[in-house]
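Starting from the known structure of chain U, fit chain V onto it as the hints suggest.
Protein chains: 2
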Amino acid sequence: MSVLVVGSVAYDTVKTPAGTRDDALGGSATFFSIAGSYFASVSLVAVVGEDFLDEHVRLLESHSVDTSGLERSSGRSFRWSGVYSTEDINARETLDTQLNVFADFSPSLGADHRTKPYLFLANIEPGLQSNVLEQMATRPELVALDTMNFWIDGSREALTKALQSVDVVFMDEGEARSFSREVNLTAAARNIISMGPKTVVVKRGEHGVLVFRKDMVFAAPAFPLDQVVDPTGAGDSFAGGFIGYLAASRDLTDRGFRRAAILGSAMGSFAVESFSTDRLNGLTPNEIEKRFRALTALTQFDPLAADESLPWRDGVATSV
Amino acid sequence: MSVLVVGSVAYDTVKTPAGTRDDALGGSATFFSIAGSYFASVSLVAVVGEDFLDEHVRLLESHSVDTSGLERSSGRSFRWSGVYSTEDINARETLDTQLNVFADFSPSLGADHRTKPYLFLANIEPGLQSNVLEQMATRPELVALDTMNFWIDGSREALTKALQSVDVVFMDEGEARSFSREVNLTAAARNIISMGPKTVVVKRGEHGVLVFRKDMVFAAPAFPLDQVVDPTGAGDSFAGGFIGYLAASRDLTDRGFRRAAILGSAMGSFAVESFSTDRLNGLTPNEIEKRFRALTALTQFDPLAADESLPWRDGVATSV
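Keeping their order, the protein sequence lines are chains U and V. Residues in the first sequence are numbered consecutively from 1, following our numbering. Residues in the second sequence are numbered consecutively from 321, following our numbering.
Chain U on its own, in the form it takes in the complex (with noise of 0.2 Å):
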């Protein structure tokens, strides 16, 4: 099945402990859309400037994303650049954001993006989210939203609104503890799918993520590097994974979920290992898969059979 993004192709520049890169290929729809891209086909739709490059678009397109709503307006690309910490790699500081032409993104659905089947809606202004959405053509099988702080701090109930018509939301522990005025993270989960969505996945950086449904917490951890060269893109590049991954299986279970936060997991595990989009570019199905199983390894144990007792002191067993 395939997959319509919304959201932002843009030009970072970051510093991290592990070195600098200036105007790097960046934004939360590029990371999803080749993160995704190994597993369904993808729609873009976002704004770029006259500044952007022509190897970038063949770039995604090498990955068979279809950049037919990729709109290019006057003026220039969205451009972030941040810091991050020597001490904590998740820690960043950002030093400069030009909207540029994102700032006036308005987005407008061909008749062919109209009706896929699954919808990221990546993080940008919720009402806007809303909108997507409305001009769908049929309702998709799948429709996931990401979020920021700064929309839950400026538009609580734009956002409360664009959550109720989605089906997975994704969140980071601040995020989801804000939005839902809970401090404990189980609360804020079951206080946010209360409101509409079925899944809430809440990403904690080097920590994993947890994905809460009705009767289903799921932890995946996030896969331990030697080196994280660049954290920029790692929550998209999960969440391209994830989707890709439920599109391509269209396993909308239990099951489907916690082996989609696996996939997300590895995608997210890549995308930080370069700067940039370099790492992800050129993946191949083996890489893949390898990580996949080195997720395995890293949380699989052998658990109590049916019929099988914990070993107990003696007498623990009989005096209780």
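Hints may contain errors.
[Said to hold, decoys possible] So the derived label-pair ranges between C-beta atoms look like this: (1) V:373 / U:215: 42 to 48 Å; (2) U:110 / V:634: 45 to 51 Å; (3) V:342 / U:215: 56 to 62 Å; (4) U:99 / V:571: 55 to 61 Å; (5) V:626 / U:138: 38 to 44 Å; (6) V:502 / U:302: 42 to 48 Å; (7) V:628 / U:215: 21 to 27 Å.
Simulated from the structure, these hints should not be mistaken for laboratory data. Think of the CB as a built atom: it goes at the ideal place given N, C-alpha and C, for glycine as much as any other residue.
Chain V alone, transformed into the frame defined by chain U:
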């Protein structure tokens, strides 16, 4: 197999978002002993003051903990007081530390204790940890050590020496980074393993633990709870379940260490459900097995079968 623990027995006054408790039974050896007692016979070596209540000796003995090594000195017991943050339950501020009789703690093992096959050196001065190990008549099957930033900053040399003689090291992630001087957690653990210990357990609070061994990394999640009442003792209860299981199963393979981490996580999750050892005290084997199974459900997913492929987008598998 039986386990010897050398550490602190204390009275804690804590304030958490769930309430306050004055002069509650605490201390590393206390939490470790009670958590471990479900799996193994535990002997405790510690010191308390004249204020230590008989009912707390009886509580330990109700778990078959051998208290013959619980020395009673003139003076008051170790007392600690702290406040946990409302925003972040893992952040705590120490209000007061009164070492009292613990300041002169110099453990002297009885003949019975010197032959114990499993030894847990809880967080005490590293020179004392080495001294305890030297007192053992025979090298135990397994020696584990816990420590804290205070010793890493102030007694690095003594701690390094102690580490070289043990099998398992417990540190939280900040301690592992600070001790190894490596920001990356994998690099930090590999650095510590290169000093001697075959197993490094990196504790990450509500994010679970990572267990590093020569050819293994295992991620055990924390059990997501609806409410954390009091985090005090979580790490020592984790260690009690972990070492207790290893002593009971005598499975010192990767398989055993994986299960040990899950049982540690189970016992840690019980510890934080109430103040002091309240929840740990009255557990049943059934409750512990139920949590082990819940941790199984939290982490398990369908691995890829040997001959199974992921569902790739058409063209991906053949184009690369």
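Worksheet item: Can you name, in rising order, the numbers of the hints this structure does not satisfy?
Response: 2, 3 and 6
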